[in-house]
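Colleague: Okay, here's what each chain looks like letter by letter:
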Amino acid sequence: MNNDLIKIKSEAEGEIRAAKTTADLERVRILYLGREQGKITGILRALKNTSAEERVRVGSFANALRSEVDRLLQQRMAELKKGTMGSALKEEWIDVTRPGARKPKGTIHPITQVRNNVEKIFATMGFSVVEGPEVETEWYNFDALNIPADHPARDMWDTFWLKQPENQKSEILNPKQTQNSKLKTQKLLLRTHTSPVQVRYMEKNNPPIRIIAPGRAYRYEATDASHDFQFNQLEGLMVDKKITIANFKAVMEEFFKRFFSVGTTIRLRPSFFPFVEPGFEIDISCIVCAGHGCSVCKRTGWLELAGAGMVHPNVFKHAGYNPKDVSGFAFGMGLERIAMMKYKIPDIRLFNSGDVRFLKQF
Amino acid sequence: MKFSYNWLKELARFKESPEKLAELLTLRAFEVEGLEKVGDDWRLDIQVQKSNRAADASGHIGVAREIAALTGATLNFQKRKTGMKVGSVKKYLTVNGGNKNDCRRYIGAVIDGVKVGPSPAWLSSRLALCGVQAINNLVDAANYVMLETGQPLHVFDHARIVGKKEVKQIVVRRAKPGERLLALDDKEYALSEDVLVIADPEKPLAIAGIKGGKSSGVTAETHTIVCEAANFDPAVIRRASRLLNLKTDASMRFEHDLDPNGAEGALRRLADLIIAVAGGRVQGVADVYLVRSVSRRILFRCDYASRLIGCEVPLAFYKKAFQGLGMTVSAKSKTQLLVGVPTARRDIVLEEDLIEEAARLYGYEKIPARLPETLFIGATESDELFWERRVCEALRGAGCMETFVYQFTGERELAEFHAGVGDCVEVANPISPDARYLLARPVIKYIKQAADNMKHEEGVRLFGIAKSMRAVASELTGVRERKHLAVVVAARAGKAGSEFYELKGAIDDLLDSCGITDHWYDDAALQSMDPARPQMFHPYRSAEIKIGDQKIGNIGEVHPAIVERIKSKGRIAAAEIDVERLGQSAKASAEYRPASRFPAIVRDIALVVPQRVKTDDVLQVFDEKGGGLLVDADLFDYFEDDRMRRAGEKSIAFHLVFQSAERTLADKEIDAMLMSFVKELEKSGWKVRR
Chain E
15 MNNDLIKIKS EAEGEIRAAK TTADLERVRI LYLGREQGKI TGILRALKNT SAEERVRVGS
75 FANALRSEVD RLLQQRMAEL KKGTMGSALK EEWIDVTRPG ARKPKGTIHP ITQVRNNVEK
135 IFATMGFSVV EGPEVETEWY NFDALNIPAD HPARDMWDTF WLKQPENQKS EILNPKQTQN
195 SKLKTQKLLL RTHTSPVQVR YMEKNNPPIR IIAPGRAYRY EATDASHDFQ FNQLEGLMVD
255 KKITIANFKA VMEEFFKRFF SVGTTIRLRP SFFPFVEPGF EIDISCIVCA GHGCSVCKRT
315 GWLELAGAGM VHPNVFKHAG YNPKDVSGFA FGMGLERIAM MKYKIPDIRL FNSGDVRFLK
375 QF
Chain F
206 MKFSYNWLKE LARFKESPEK LAELLTLRAF EVEGLEKVGD DWRLDIQVQK SNRAADASGH
266 IGVAREIAAL TGATLNFQKR KTGMKVGSVK KYLTVNGGNK NDCRRYIGAV IDGVKVGPSP
326 AWLSSRLALC GVQAINNLVD AANYVMLETG QPLHVFDHAR IVGKKEVKQI VVRRAKPGER
386 LLALDDKEYA LSEDVLVIAD PEKPLAIAGI KGGKSSGVTA ETHTIVCEAA NFDPAVIRRA
446 SRLLNLKTDA SMRFEHDLDP NGAEGALRRL ADLIIAVAGG RVQGVADVYL VRSVSRRILF
506 RCDYASRLIG CEVPLAFYKK AFQGLGMTVS AKSKTQLLVG VPTARRDIVL EEDLIEEAAR
566 LYGYEKIPAR LPETLFIGAT ESDELFWERR VCEALRGAGC METFVYQFTG ERELAEFHAG
626 VGDCVEVANP ISPDARYLLA RPVIKYIKQA ADNMKHEEGV RLFGIAKSMR AVASELTGVR
686 ERKHLAVVVA ARAGKAGSEF YELKGAIDDL LDSCGITDHW YDDAALQSMD PARPQMFHPY
746 RSAEIKIGDQ KIGNIGEVHP AIVERIKSKG RIAAAEIDVE RLGQSAKASA EYRPASRFPA
806 IVRDIALVVP QRVKTDDVLQ VFDEKGGGLL VDADLFDYFE DDRMRRAGEK SIAFHLVFQS
866 AERTLADKEI DAMLMSFVKE LEKSGWKVRR
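Line by line, the protein sequences give chains E and F. Take the first sequence: its position 154, counted from the start at 1, is 168 in my numbering, and no numbers get skipped. Take the second sequence: its position 557, counted from the start at 1, is 762 in my numbering, and no numbers get skipped.
Note that these hints are calculated values from the structure, not bench results. A portion of the hints provided could be inaccurate.
[To be verified] Lysine-lysine pairs mimicking DSBU-like chemistry, simulated, CA-CA at most 30 Å apart:
| hint | chain 1 | residue 1 | chain 2 | residue 2 |
| --- | --- | --- | --- | --- |
| 1 | E | K374 | F | K381 |
| 2 | F | K320 | F | K305 |
| 3 | F | K653 | E | K177 |
| 4 | E | K356 | F | K255 |
| 5 | F | K408 | F | K370 |
Given the structure is predicted, the values throughout are model-derived calculations rather than measurements.
Just need the whole structure built from these sequences, with the hints factored in.
Modeller: See the structure below:
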């Protein structure tokens, strides 16, 4: 029996060494260790019919042999694999320059991207996003913002006026609605700016206030490459007990620095908007030439980006605040202008064109 | 407004170069939009009219005052020679100023012995630089003094005014209905009671504050004139100017509420200038001053000013700044000043107005940037905006491009979509007939954009959120504004109806990402309608999107008649969803459920059913019979060949996935369940393929 085992051992060693492929080696494994017909498996299985003494003697030897053969098989397998791996992988060559399998490309409108970015930056400074209606009353769009009727300041906002809906004309006479008569009898218009949101928000909330209000606005004017009668604005408002021009400068500087991710400086110029006093125009140092003067900034080194100012006491009054108790700043900027600058878009009308050849670039 | 550099330099003896001056004005006072060399002078385009300073700075003197305040230069104004109390005007002229609410002041000066002729070159070249055409020495002098002082002036031919013999009568009054006036621009204007006129007893002579009349104007034969320097109510002038659609240099200035006190100095200067360039003698001045302009005194608290500005500005600076602007300053206490404002500065009413004056003179660049020292309260986000963002991201992921649309439509476009004006809100002053109404169904704009893109694309997927605006009586303003999500899928080639399913898949994914799983597509309402009725969607390829009982939108293939009319090169499927309703049903919170440890059993079942049987009908059988063990039923094959089509049949096949959370399922029980499915399906006469 022992001789058999010794013979098997030397045969197995020889065949393992001789195996040239993994498939050969697998055949060798089955020949000796196969579950059904393996030579060593057969000897171990036959042990149950022998005497206890024989079982101990041969068993331990056969078990050791099985382990040894198994070890040799694994060792040889590792050697073989090492040798064939390279060529096997070579067989699996693919053309990596072939285009990847892409899903159809979806895009977010550049104005939305700019808007999201602006909102994100202001959110980190504690400004919440609020919205207001686009069909506005003359009160919220003008009078409450200290822009009375028959005042030349109204010329700054060419307005789309709306015809009073038919259903409304009879409603005005309804006595149940008199509490809202102020609004009922108001002429309707498409808001010319996002500023009405200031008053609407202050009416319903107490200071401290930090909001931005993005949205569509409309102007009754001819269109050209830099003007459209429908566009997007973003309004900002901060009100508290002691808000200062210095605070305003810091917030705007922080915003522009982060938005354009380059060192920009801002400059305030005197300007007139009836709902602020003092009123400013905000310029930032040109993001293209860093203030040296180029075609984008018309050689001035500055880009005009927003209108702003300290909230006018009359606006606080109209919103139901006591101007003695609070101060604040407000600003407004055109999102199209910022997007045009950021993405170098030459014509504002592309934004509403719906042309996918434009949209897919963003 | 155009200004002459040399002229300004005459009035204020500053040293700044034109470029330096332009920069200084831009940073401290008004934006200078243009600077241009003209001969030996420079033309500055200063945006005074865009500020609220047109009342005091729409003439060279006003801007010169501003420059003096900014640079410390000394002013050098011409001395007026003509007095207000010369001669005896009563022999020549009486003035009735009328309603003081319309006309605050009216000064008329009579000059005789003038010789009409061309102006001297220095005068006409300055007019030209400021964009005013030279006409004759009298009219030019009036325009020149307006450019200098900001006060509009007018010259009448005394001989052409009616009165009692030589005593001419001027009346300021509202025009009578039906009155007309041929103006100096050779146009005839129909007047009304909203228009203020300067008249004699017989006829209007001029549109007050806006334009002179031809019949009373200066001619080559004119020898005696009446010079007018008046002050009218700004709102009256503005309304008339808009009504007549006539804007002039004069009306623009009056609209900005000029100071009545300014009329006097301007008139005296005009008389001096006319005598210098046309000869003559002042025979008298009539001054009807009905509403006096008085100087305001405003309390200025330095601590409040510094608090609003955000840095300490010394009291001495404030004092000097105000004095430099021609204001009187007296100390009320250690930190308070009483500031007397010149009547010309009509823009300064509140303490805040004074703060602006001080701050801009101080220099905005000197104010340090300081972040607010307030309690930090984190930003909040409304649910609606949160879901909007989620929707955009989901659709972008589904390969859709976000696009923006105009919120306007017109009868022509509505008709393309089988829609009437209906409850659309009408614009009173539309930019074009095609933009006469506000959009009630934004989806039509997206459909149009898809059709436009199909001219150069094989297929497009667009989406966007726009406003639906409708006249709704119950709304406070009578208009209901809601956000609509529109999604459109268009393709040139493709299997019949494939756009619809692409779109439906995108909507399913979208709702899924909003945590909505119980939505369904209800075609009952649409199919009960008369299919011949014109409508937006294909009557047999559309449905209402519902969550439970609530409708949140529509989905469908655009009606073939519309596709043809808008000349689309492919079929278009479109969906419109009310964003608010979507937001109300959306759920952000998800809850983890452990995956079952027990293996799932998958069985396929295929059946042949009549063509009009809906997938949902079959799924309903599975749902009813599947108990809790059928965890998923997936349609994986939908097939019909010619033979089946002729027989009115189609073949559909499902993967059915069975799984329990508690135990390993036995093949036998699943076989039994399948048998029960088959039995139930066959009850409906459907053939199960085995």
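Colleague: All hints, please: hold or fail.
Modeller: A quick look at each hint next to the structure:
1. E/K374 / F/K381: The hint is violated at about 62 Å.
2. F/K320 / F/K305: Roughly 35 Å between the alpha carbons, so the hint for F/K320 and F/K305 is violated.
3. F/K653 / E/K177: holds, 26 Å
4. E/K356 / F/K255: Given that 30 Å is the threshold and the Cα spacing comes to 28 Å, the pair holds.
5. F/K408 / F/K370: holds, 16 Å
Checked against the numbered hints listed earlier, the structure breaks hints 1 and 2; every other hint is satisfied.
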